[in-house]
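For this one, chain R is given, so just place chains E and U on it according to the hints.
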Amino acid sequence: MTRRDLPTYTLGELAGLLGARLVGDADRRVSGLATLKEAGPDQVAFLANRAYLKDLPETRAAAVLLHPQHGEACPAARLELDNPYLGYAALSRLLDPLVGREPAGVHASAVVDPSVNLGERVEVGANAVIEAGAALGDDVIVGSGSVVGADAVIGEGSRLHANVTVCHGVVIGERAILHSGCVIGGDGFGFAHDGARWHKIAQLGGVVLGNDVEVGSCSSIDRGALGDTLIGDDVKIDSQVQIAHNVQIGDHSALAGCVGIAGSTKVGRHCMLGGGVGLSGHLTICDGVQVTGMSLVTNSITEPGVYSSGTGAMKNVQWRKNAVRFKQLDDIAKRLSRLEKERDG
Amino acid sequence: MTRRDLPTYTLGELAGLLGARLVGDADRRVSGLATLKEAGPDQVAFLANRAYLKDLPETRAAAVLLHPQHGEACPAARLELDNPYLGYAALSRLLDPLVGREPAGVHASAVVDPSVNLGERVEVGANAVIEAGAALGDDVIVGSGSVVGADAVIGEGSRLHANVTVCHGVVIGERAILHSGCVIGGDGFGFAHDGARWHKIAQLGGVVLGNDVEVGSCSSIDRGALGDTLIGDDVKIDSQVQIAHNVQIGDHSALAGCVGIAGSTKVGRHCMLGGGVGLSGHLTICDGVQVTGMSLVTNSITEPGVYSSGTGAMKNVQWRKNAVRFKQLDDIAKRLSRLEKERDG
Amino acid sequence: MTRRDLPTYTLGELAGLLGARLVGDADRRVSGLATLKEAGPDQVAFLANRAYLKDLPETRAAAVLLHPQHGEACPAARLELDNPYLGYAALSRLLDPLVGREPAGVHASAVVDPSVNLGERVEVGANAVIEAGAALGDDVIVGSGSVVGADAVIGEGSRLHANVTVCHGVVIGERAILHSGCVIGGDGFGFAHDGARWHKIAQLGGVVLGNDVEVGSCSSIDRGALGDTLIGDDVKIDSQVQIAHNVQIGDHSALAGCVGIAGSTKVGRHCMLGGGVGLSGHLTICDGVQVTGMSLVTNSITEPGVYSSGTGAMKNVQWRKNAVRFKQLDDIAKRLSRLEKERDG
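Chains as they are written, first to last, in the numbering used here: chain R, 246 to 590; chain E, 246 to 590; chain U, 246 to 590.
Here chain R stands alone, though its shape is the one from the complex (with noise of 0.2 Å):
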């Protein structure tokens, strides 16, 4: 599963994988894919971002993935494509280690409950745990470590990496990624208070994930207090990302690192959210929304757009003087205002 273990395939069979036009020598085999700086003579290049042209007239790769309007520029074989960036993502899934391999059953150390129901060509890792009822769709990869809860369900080609938790009652659509250390169905934090202690309210729901969903390493999704905590299809969440109870995720939408959404709140479909940004408890964030880096959201969202908070870093020094002034800001524009009046007398 190293680089050294990378498929290889000839430039004609990656310019038919690809829908790609090929201009060159349709027998030669690459192994690997780079950059056009760093690509050696075995692998493959791309061209998508224009602030890398400068690198293609001295790559050193065996082909180059570009669109057709740089093909003259091009020093190597060629893989014309009218998206190259969609042929780059194509291209690196081609040459996934981790990808088309067989699969290598149940490991003996596996603890398989007698009732789950396994679909065909299953794997489960060593020492990997999959309890009673629960159901794993055909050509699920449960990987070491691994645990999936009682009457869990993981939809086809789903792969969990090593060391996952799967909650009791969780749904997981098909083709799901889940990266080591992700939770899918812990309880949602909810306690009713009597004045002087805290009382445990059971989280009764479930947690539903979507078709096509990938969720990173060491992030959580909280199952719902009563109805179910929803991720839509399509829904790409990264690590360490904290999904309250009863969040709803629309379809397509991405979530970067140390992204925080607190319970109720429903984000919309094709939404991007930047790393660290939180967002309070219910909340409606319309469709198309994006938040930049660790902004902070109080307030529903009704208008697609760019959102953001805060304020960006500089030198401690002037920080600290800015700081201060803006515990005096309600101050200051009362001070402004008042100035104001006496010049309109």
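Just so you know, the hints here were simulated from the structure itself, not pulled from any lab data.
Since this is a predicted model, take the numbers as computed values, not measurements.
Pairs count within a copy or across copies, as identical chains cannot be separated in the list.
27 Å max Cα-Cα, derived DSS-like pairs, lysine-lysine: (1) 566 x 579; (2) 282 x 299; (3) 511 x 445; (4) 572 x 586; (5) 511 x 572; (6) 572 x 560; (7) 511 x 282.
Just chains E and U now, kept in the frame of chain R:
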């Protein structure tokens, strides 16, 4: 453990268990809990917030948990209680499929060191590990894949979900709930710098959790450098929280998701920290402090109340202008003072 | 592994091991380390910060580690050193119950692929998994439940605590310490958008950690898209940190809890990032930069020094007013300029 396995009760039984006054058929059997809007005819709903009063007349629930003042408006059987939200919490626990199961004992694949002291009715899940010298009180449940380190102590009735890590020597009180992926007792972040490089300070302290503590998925509580990191009774900690070495959290405090507390800070009793709040190190936060989401606290707080920092999200176009002005804020304040002086001239 | 098992030394032995000048009884046996205030008569205390000088006269410690200038004021035996804080660090390691144990070998329940290359004195804990092609150097310790992926390399003397995940092909240097729940080598967050949906970019790079790196509980370091994510020598990473794909961290830098670094950003040598700091992607941060807690850095930094952003917490009542004014800040600045112009007429 799925919703199909939810325990069932008659309304008469529920009234007795909840200490509620039943108006309706005591023999009617119910098997679930839902909102007024979503409850089906075999479920109980609850009204704990006037905002949902509008849903009461149309509810299809078998019975509604509510305050006596709303009894007349209820179209179904009712369970009257002075504090229906506490009643909801109690009912949710009665319906929790994880509670009241027969303990399954120590799974054959679990590794329990012969020196471990196991209480009565302890359950240890598949591929869990209990290291030498640990002690687990009566009715402790250790989920699949969890690891309890050497000499750790887990109090009666505590539950570790799957893939939890309790490190060596950590002491967990009674009735704790530790969610998947959390780590109690990893090293605090302590290094001495010699001018060129770092030298590790071994973290010789431990972590002590009081009774009735809950820790969310993927949260971490680091062990002390010398003394212990101390978490009081009835402290509730959400997911993705980081508590550094030698922090102390007073009884009954609650920390929402993604909170980070730096080393040696003391948080009082009955405090509430919103999602993503950060506390600097070596602070003292008095009892009864609330900090709103994503605020940064860099000074001790000596007065109970609500504290905040930061700014809320706005459209990026406007934010850019304001954020630039923030960097000029000290200058703006000085220019304003000058104008005022000239006026007062 | 509890405090009762702490190693013991005579003061004479300690003086030799620490390179300290002993004034006192070389044969006195001590077995622990504590603050001046809390040390008992069998423990060593230390004075490394003048703030604690007041505790020196009353200490009950058997001996005190201190600078010679404070020797006269010490009521107990003393171990004099030019840098007592470094001395404390060294002493803490001598007293670490985790160090110096006999390695326990490979536990019977661990799954070690026959192709794995195991060094001398390697310890693999219960239910840990070492996948095909991995190589573990001499004196490596892999904690219970940890998973080392295929073809990963773990350098001599490194320790993985319980439930750590090192993904396929990751390279860990010598003397690393990886705390529970951390994940090294999960996929970076890379997708190409076709206008309607996301297409995964397989993350074909790896992660390379230098020597003497420490990674805290529940932290994640993602593998590179093409090249590797690179962590230099002696880099110290606290808990709950997220490092995205293709980030580079220079030697001797330290990242406090909850830091998040977006893709391809390069952090220099000897940098210090405070808790919760966020760095945007594709930045370059030069050597010797410090960023204070919860600051957001969206631009490259080319000058060493201390940087900050955000505003500290204040009472919510005042904060609300100031936060509203922040949204008017550009307007306030313009109105002020107008007044100045009018004055200057």
